[in-house]
Amino acid sequence: MLPTESIRRVLDTALQNGGDLAEVYLENTERLSLTLDEGRLEQATQGNDIGGGVRVFYDNSAAYAYTDDLGEEALLEAATAAAAAARGANGIRVCADLTKRKSPVIFQVKRPFERMSTQEKAGVLRQMDEVTRRHSPHIVSVQCGYSETRRRVWIYNSEGVWAEDDRSFLEFRGQVTAQKGDVRQSSATGIGGQIGLEFFDDRDPVQMMPEAADTALLMLDARPAPAGEMPVVITNGWGGVLFHEACGHCMEADFVTKGASAYAGLVGEKVGPDFLTAIDDGTIPGRRGTMRFDDEGTPTKRTVLIENGILQEYMWDLTEARRVGRGSTGNGRRQSFRHMPMPRMTNTFIDAGPHDPEEIIRSVKKGLYAKKLGGGQVEIGRGDYVFTVTEGWLIEDGKLTAPVRGATLVGNGPETLRQIDMIGTDPALDPGRGMCGKIQWARVSVGQPTVRAPKLTVGGTE
Amino acid sequence: MDYLKLAKDVVSQAVEWGVEAEAYINVGQNTEINVDRGEVEKLSQAGAKGLGVRVIRDGKGGSARHSGARLGYAYTSDFSANSIRRTIEAAVTLAEVADGDVYRSLPEPQPAPDEELDIYDQALVDLPIERKVEMAKQLERVALGYDKRIVLTNPCMLLSQVGTVAIANSKGIAGSYDKSFIGGFLMAMAADENDRSMAFGFGFGSRLADFAPAEVGEDAARKAVGMLGGKPVPTQRATVVYSPLAATSVLGALSRAVGADALQRNRSFLKDKIGQPVAADMVSVLDNGRLPGGIATRPFDDEGVPTAATRLIDEGVLQTALYDHYTATRDGAASSTGNASRGSHASIPGLDASNFYFQPGLQTPEEVIAGVERGLYVESVMNTASINPISGDYSISAKGYWIENGALSYAVNEVTIALPMQELLQNIKAIGNDLTFVPMMGALGSPTIRVDGVMIGGSG
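Chains A and B are the protein sequences, given in the same order.
In terms of the numbering used here, the first sequence opens at residue 18 and continues consecutively.
In terms of the numbering used here, the second sequence opens at residue 1103 and continues consecutively.
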């Protein structure tokens, strides 16, 4: 990257018209992706995205300019543009000495992506495809994808921050379609993490495919989901998407500081049962939301959001933290150098509870078991959420009796959290394909134990 | 800089490797302004550029497991000679990994109609940043001033883009066009002592004159206030009247299901239905890449094929699919409808709708509502991405108003609406005259529509 003298010149230029803080963010992202469809390796794409952005904070505002050229001249130009927007701000500052920061997060990619040929990677997709096709004559379409991304970032600011991060993501995806007569059902799956080729030491993307095929086959014969209010038991692991959508987004500080979140002003208040603890942790080795530093140069940390049912803390980036005169929690993230950071979740999960997971299912007389979940969405102001159950089962007299399809869960996040009455002893994180969209995309992890909500609205067709 | 010349140069360099080649260049100037309580909260401006190189090698020899042509793709945002050379080399190398496909080729040049598409407005290019900031503030000011119960907007955002697309390929396609866009959107939040409610307002256009910030702000505020105090209705099967915004939930999944790629690969609930009735008689669906001023309008698609108007459903009968060059070649009897599309220079062109819409009817939206004795008027929906174009499964969340004796009464929220797409299209009973476009997946457009027999999941 550029020598620190160049960075200082860019930061000083950014502050030439005043401002409280200037920041330079540089990024180099390389990506390879392969897609196999109809048994053919159809698409092979490779590329890189290189660029940088200069941000100037003044009062409660920020001006940003970016460039896809990393030369000093282009960055000085961006700095001049950002400074022009900040004109008239109070106080002229100069850049402090840049000191390279150390992160508390220690883990390394052991085997870089280039130690395996593209042909070998394509070979894994071929195996995934073959295994799935052999699985059942009703499988009519199989799509598999591989992607690897190496994202390196360099962050500097006028308070002397100098932070670097190097993030490698590997991911396998699959989608299976099954058909009987005129009925088609599809099922999607994925596995991955922030990891190098050591991924293959203990995980096998081929294995996930028959399971996805089974879901599609099961849904072919499933009856339509019921509609109305009923007890719902949500699976561990990826089921944590419920907390992520329904509550996590409402604890991101940008909505909180404006009073636009359902959880604004509730720190210290009871928001869930005594046995509920929820955490956002950007330091867990190998997870998709993990960073040594966030995209503003703040070291990531483990933030307890809810402890024993009491709301403890929100997730902060620099912008929101400065607004109220406190520190960031290391949750400032951005999709790329073309985007300004905002508070985002990292790896967010509900911690272990006291209940036996089997007992949780046994406790339901008539309800729904959400075994696999798709995506969801929340309206942050009120906390209303919705998400899709991709594999659902009816629970009758404590037993899973019949698969159901087309179920959706809706409710209000804060209300749902308050009514949760059982949390399992089986916490787990998702298999590693979480992607969260909030104007910008960010890789995340979610997780939870088995959870029971006594009265949720299920949107089926019966 | 002459980007078309650059695209042609890239193609000439690439063909030296003995491949067919295509260069796609997208260059733009983007401004984004966020406003909070009368102040600029975030202002971002920059130029962005990207190059994507697609190469096709013939399938003889090598490691191909299937005969036919093999595809490789690489991209960069660095236009230096060195970077371009590396990008071409990467695309050529990747084509060795890919399997052959006899239908894979690049399109030939085709005559294009010479007509004014009205997608570039010099007034937008010349619009000073101060005016943009003022428009962003106006969005918020109008919303906050609409009613004292509107407490804030978050986000409140103005976007403007001007750019150039250039495409050249080794079959002789060479073209470029300029495009402009301005749009504003905001979430307005209303609050009273018992409840809070959020509503989305948006407005956009290719031309400065198409964008009216005051209307956008007022629209969001009116909806947010109106939906205060919403509550679920009992679970029941009932008539649903969709606002244009809510009705695009149906169109998004439909546009994917009528894509030739989904049909050819058995990933569409409409497979084998061409020539058959798939919707009520009153339903016609069109895709028009040449709609004057439309935000998905352009002279040619993302692989250089002229865009066109395609009637997909005519009076309830499925007529044809949407095609790009690959799916048309594979079909044999079809030609591309000009629907090749890519998210950015970093993606291989795929197939997507352009301006995709329900043909409007004759009734006003008020008349559509007046025809319903009891039912749900849906103002907005969430989680439309979950609608499955393969199975047709459709179950999303909704909020709006209960309809009582042909008029809107109390606010409703936290309910689901569900009905398989196959039945939903057949159950359309009325179509309004208020065609409105939403900037999603190209541009989806719908009037107010009435659908009978929808399952509403609510209380009890």
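Treat the hints with caution; some may be incorrect.
Computed far set for chain A versus chain B, every beta-carbon distance over 10 Å [unchecked claim]:
#1 48
#2 227
#3 279
Here are the simulated BS3-like cross-link-like pairs (lysine-lysine), alpha carbons at most 30 Å apart as the crow flies [what the hints assert, rightly or not]:
#4 1144/B - 383/A
#5 455/A - 1144/B
#6 388/A - 1250/B
The set of hints was computed from the structure by calculation and includes no laboratory data.
Glycine residues also receive a C-beta, built at the ideal position from the N, C-alpha and C atoms.
Hints, verified against the model:
| no. | hint | verdict |
| --- | --- | --- |
| 1 | 48 | violated, 8 Å |
| 2 | 227 | holds, 19 Å |
| 3 | 279 | violated, 8 Å |
| 4 | 1144/B - 383/A | violated, 50 Å |
| 5 | 455/A - 1144/B | holds, 16 Å |
| 6 | 388/A - 1250/B | violated, 45 Å |
Violated hints, listed in ascending order, are 1, 3, 4 and 6; each of the other numbered hints is respected by the structure.
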